[in-house]
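Undergrad: Listed here are the chains, written in short residue letters.
Number of protein chains: 2
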Amino acid sequence: MSANDSINNKQSIAGEVGKNTIFPVSGIRLATAAAGTKYQDRDDVAIIEIALDSSVAAVFTKNAFCAAPVQIAREHIAKTTPQYLVINAGNANAGTGQQGYANGLEICTVVAKTASAPVETVLPFSTGVIGEQLQVDSITALVPTIFASLNEQGWEAAAAAILTTDLVTKIASTKVDIDGTEVTITGIAKGSGMIRPDMATMLAFVATDVKIKPEVLQHLLKESVSESFNRITVDGDTSTNDACLLIATGKINDIYINKTDSETARKFLQGLIQICKSLALKIVSDGEGATKLVRVLVKEGKNADECFNVAYTVAHSPLVKTALFASDPNWGRILAAVGRADVDTLDINKISIFLDHVCVIEKGVPAEKYTEMDGNEIMQQSALTIEIRLGRGTIAEHIWTTDLSYDYVKINAEYRT
Amino acid sequence: MSANDSINNKQSIAGEVGKNTIFPVSGIRLATAAAGTKYQDRDDVAIIEIALDSSVAAVFTKNAFCAAPVQIAREHIAKTTPQYLVINAGNANAGTGQQGYANGLEICTVVAKTASAPVETVLPFSTGVIGEQLQVDSITALVPTIFASLNEQGWEAAAAAILTTDLVTKIASTKVDIDGTEVTITGIAKGSGMIRPDMATMLAFVATDVKIKPEVLQHLLKESVSESFNRITVDGDTSTNDACLLIATGKINDIYINKTDSETARKFLQGLIQICKSLALKIVSDGEGATKLVRVLVKEGKNADECFNVAYTVAHSPLVKTALFASDPNWGRILAAVGRADVDTLDINKISIFLDHVCVIEKGVPAEKYTEMDGNEIMQQSALTIEIRLGRGTIAEHIWTTDLSYDYVKINAEYRT
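Those protein sequences? They're chains A and B, same order as listed. Just so you know, we're using this note's numbering here: the first sequence kicks off at 1 and counts up by one. Just so you know, we're using this note's numbering here: the second sequence kicks off at 1 and counts up by one.
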């Protein structure tokens, strides 16, 4: 298989997740420009303006070495509600020490001055190469131009401007009927390289026109992240720069979500999860060099922890991943990965494994009716589910992953060169 | 870089570990033959005969799903001292259920009958594809022929017969002077695919002519394994078939090691570790598609656990591994991996990173004197050390790993096809 074949396949899986009409969100304006520091012929800086009186919730990377912009964003959002997000692609401003912090702050300062707003209302986001200092001037010089072009239709341009090694833009948008009122949820994201999301930072910015109490917004963000972005990464949010923001502009006056357990909140959460899941699947489908979108579903566990443990061990096994790339129903590799998951007293005689609907292993041994041809057929698909039944309990959890292809190596070996 | 370039590089790193003269071990005879079940034009079955009155110690895989031969070997060695080891390559007899167990036992039975020995004195070892039943007859038919050719010079033939995806044979041999007596230690091993050793089973058989008390032998085996084979695998001994045997034939009457803390034991252990380490480095250097042998050294930790945790997180990062393949001193990926290791309260301002002697990161930021050229020079080498100083304590631990190349994907994607 040539690199080109593989990349074509890859684009087609990413495409399968589907394209939506993009609905602007009242209270959000966006614009972009080209700093040209790393990429030629494309925009690489975006500013998102958030209307006053919005609520904003955020989750950040758990990596011990969070990047300068993450430090600044955490400090600023702790002080006040953000009004401006400034995002640059190509340089992560990570591992850059005090100079990096000063550079991030300098960008915020320029944005704040241009907007006549306090510097704390500006959050910086960076993604790209680690360990090189930002060319601050090339970014700050663009701020007036970007401000002049802020507009509610800027979502697609922003989605494109924040990409790094991504092959496709990630954008999702929906309208949800809540108690007779039509509300909008729209989001953009970037990220790929989902074997482990080290440097392939995940950024996501989702906004709605609903009015939502800040504490409730934070809760809704966590719920939706745990059903979406946190199921496509190996170690949770562990890049140095990962961040996910949820903005509620409150431009729709009819609805106010001020409790997490109301019917209104539940309806909204359903729509929010749909958007986040759509973005997450676009990310994992765009996994570097990925040719397959694979759901790993672990059932019959004693608790969620052990289900996730088994799912991640299988999803991270390079041998399972290369078998997926080869469309080889090599269940032995799946079984060996399950066997080394950190779960006490696993009994092979209770384990069953399915590829989609095809039972491959039944209670520890090849299923009687299983034929290699059946397995091959499923493995040819660009999307499939590996289902593992542990025979220990009633809990089920799932995650999404991709295969490991020549292109993964190619993309990551050549990233800086 | 073409596949051929890479494989040539790889053979050269494997070769660098060095070739020894192979000294036979009095009391050990070996022979091989070709069952032809998977491989053409090569031997794939070996029998090792152990003289009566020997001591034998063993460690087996910790994978919850150990293969049928491992179950049988464990049961047999618990009952009596082994006299025969029978090893087949190409089929792991794993995930094969009761039929697999019966097949393994059948092979032992035929060997035992041929030798007029109890079946419990025979241990079976299998390596290769998981989940296919052994073609027992093609193996048992060879047993008389193999017995007829057992000889003390059979080490190299046995080393070759047990290989699967390995590119080079792994054999090491030394003579050690202990209190004026020359003793021999010789071993063979197989294994590659050391990103994670799932299916790429590691087998090692090491023998000496020294007389050693069984409990002491087990202790010496564990000590030497922890300094060698257990430092080249990600999850310890976690393939379904991993096994390591240490045999003391006791043919040299002058020395009897019956205490673990004697000077004699220490001298012997030194030689044993040398052999095990040599075999382990041959395995990791032969890692599937590997072009580099990389030691990850973590210093200044609070305890061994956290040093290993950081070392494994770095060694397993596909992004670090692909950067190594590209000879790219991309320390940002190393730093990001350290940051997501499961270690509490890591402080980036105390972390330093070296590539061999070159300081790249000093207390969290790029070292003042560091230049990309210096980093590049180290990364061009086929062997190098990534040294990470945590600035938290005085403990140091190291492991060995390899890079992640196109060939890794190629070899593992095409293993069964």
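Any given hint could turn out to be false.
[What the hints assert, rightly or not] Quick partial rundown of chain A residues pointing at chain B, CB under 10 Å, derived from the structure:
| hint | residue |
| --- | --- |
| 1 | 95 |
| 2 | 213 |
| 3 | 326 |
| 4 | 412 |
Hints were generated in silico from the structure; no laboratory data involved. Just so it is clear, the structure is predicted and the values come from calculations on it, not from any experiment. Every residue gets a Cβ at the ideal spot worked out from N, C-alpha and C, and that includes glycine.
Undergrad: Check each numbered hint against the structure and report the violated ones by number, ascending.
TA: 2
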